[in-house]
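There are 4 protein chains.
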Amino acid sequence: MFKSQIGVIGAGACDERVSRIAEAVGREIAKRGALLVCGGLGGVMEAAARGAKEEGGTTLGILPGSSRDAANRYIDIAVLSAMGHARNVLIAQSCDALIAVDGEYGTLSEIAHALKMGKPVVLLESQWEIKGAHVAHDPAGAVEMAFGLI
Amino acid sequence: MFKSQIGVIGAGACDERVSRIAEAVGREIAKRGALLVCGGLGGVMEAAARGAKEEGGTTLGILPGSSRDAANRYIDIAVLSAMGHARNVLIAQSCDALIAVDGEYGTLSEIAHALKMGKPVVLLESQWEIKGAHVAHDPAGAVEMAFGLI
Amino acid sequence: MFKSQIGVIGAGACDERVSRIAEAVGREIAKRGALLVCGGLGGVMEAAARGAKEEGGTTLGILPGSSRDAANRYIDIAVLSAMGHARNVLIAQSCDALIAVDGEYGTLSEIAHALKMGKPVVLLESQWEIKGAHVAHDPAGAVEMAFGLI
Amino acid sequence: MFKSQIGVIGAGACDERVSRIAEAVGREIAKRGALLVCGGLGGVMEAAARGAKEEGGTTLGILPGSSRDAANRYIDIAVLSAMGHARNVLIAQSCDALIAVDGEYGTLSEIAHALKMGKPVVLLESQWEIKGAHVAHDPAGAVEMAFGLI
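Residue numbers (this note's numbering), protein chains in the order written: chain Z, 1 to 150; chain A, 1 to 150; chain X, 1 to 150; chain D, 1 to 150.
Keep in mind that the hints are not guaranteed to be accurate.
Identical chains share a label here; the pair holds if one copy fits it or two copies do between them.
Derived SDA-like pairs: lysine to any residue, alpha-carbon spacing no greater than 20 Å straight-line [stated by the list, open to error]: (1) 3 / 53; (2) 53 / 76; (3) 116 / 129; (4) 131 / 32; (5) 119 / 67; (6) 131 / 148; (7) 3 / 58; (8) 131 / 12; (9) 31 / 76; (10) 3 / 118; (11) 3 / 56; (12) 116 / 65.
Calculated from the structure, these hints are not laboratory results.
Whenever a hint applies, use it, and build me the whole structure from the sequences.
Have a look at this one:
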């Protein structure tokens, strides 16, 4: 079993700058030998998975729908929830720690679920300030913080 | 069918002051003939359901577990999700509008899911400030706002 | 709270004969003061809900999708799961006993979930023979059997 | 991405004979380069995962609970659903084909969900006879049949 399963959460569409940050987060997670978990779609999810694959890592995408075709091409293993928003709960539950990169309401729901479950959450480029979540200032720092909090 | 299904969300334990607010919210919802939806447990959920019953309303509790015994005694109809935190998604999805009274991480997850689904959210006594959610200052105002936003 | 919550499960489309049987089952459930739980759509679900309403009963529909418009017009309270097939688990979990009228694979999944949960299941006009499920030969007998097994 | 994701479903406890059959099924799946998906617990799930690991395969366990400690030691990647019986739906949904080895009510629910989703189901040592499900007589034949039906 992978010793750690780390989630990277964020919006399904993002600009180039946020994409580069998510990619760097994915690379750092793979370098440490952890499984990268994400929602399997585009934007931050795709950038993080791409980063993990660049470092030879393994990626798990937990998708909202019922088709593997919806997964981005950096996903190794696809869990098809066909449960829409409830897949956010599955992501939070399946990770030892979560790193949120930017993000909108969907990301906020995952942050809240993870905190409710008592899991470490690290925020990067977040619009939200949430009691109990940790704030990082760069990808390497976020990943180091996440592993330190497990 | 009930013309409207209104959710009251909040923590499973709360002080007397918050309880009175939640009860008043439940009463206002029942007065308008809507179904009160909540998580079916204690605290804000129980107070809101009690308020609705005082006005002759009907209450639906969507519970996290698998036993009807866990429901508070003001719940008319119990949906047993046995899905833990994912029941929060069911609550958000099943309501036309949600009113959050105080609340912690579980409530925050419901607010986020509801906003993601495009449903109106009204905050009362909230520690969170969330773009897109509306802030009310008293129970009657919160319920009026919720109905106005449907 | 309703003292009993009884599920009527079956296909979303059915012929006139099966429809009349489901309607009679719904009537008998309402006569006994129990809540009728179903999947909220057409066919057996609609017929059972119609029967319950004819006797002044109350009906809960747990729907697979996210829109109340999909509910048949005899549903009083709609739970919108937006979880597709997983809503079948919610139906089984929320009932004290289930009565299957005819039915296809979806119904079979509900029967299996209910038996796994240790809940009484009564089959009427079923193509399946399943160890542990009880077989009834008419609507009144099925409902009497279900209440007797709770 | 794995070209195929094949589920092996069956009871959480089984005798030595059924265990050897499930292990052989797991080996055959891994030999063909597919991901083995299972419920992550003991019995048939553990035997199938052990077989896949013997051939250097990769295993995904979709668990009913919230703790990775509940996974058997042959699981590489654990999805923690914390959704109880609804995790059966996730297993069916995430596979291209499913092979049921023996099995009780939980297995029957997965078979029914998979058939409802239009996915190929192969039965080995099954107590059930279900229209639409295919019957195999040995592990290699079951796996060949499953791949042929995708």
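Hint-by-hint comparison with the structure:
no.: 1; hint: 3 / 53; verdict: both (18 Å within a copy, 17 Å between copies)
no.: 2; hint: 53 / 76; verdict: both (9 Å within a copy, 17 Å between copies)
no.: 3; hint: 116 / 129; verdict: both (16 Å within a copy, 18 Å between copies)
no.: 4; hint: 131 / 32; verdict: neither (28 Å within a copy, 36 Å between copies)
no.: 5; hint: 119 / 67; verdict: between (29 Å within a copy, 12 Å between copies)
no.: 6; hint: 131 / 148; verdict: within (18 Å within a copy, 31 Å between copies)
no.: 7; hint: 3 / 58; verdict: both (12 Å within a copy, 15 Å between copies)
no.: 8; hint: 131 / 12; verdict: between (25 Å within a copy, 19 Å between copies)
no.: 9; hint: 31 / 76; verdict: both (17 Å within a copy, 18 Å between copies)
no.: 10; hint: 3 / 118; verdict: within (19 Å within a copy, 35 Å between copies)
no.: 11; hint: 3 / 56; verdict: both (16 Å within a copy, 18 Å between copies)
no.: 12; hint: 116 / 65; verdict: between (25 Å within a copy, 16 Å between copies)
Checked against the numbered hints above, the structure violates only hint 4.
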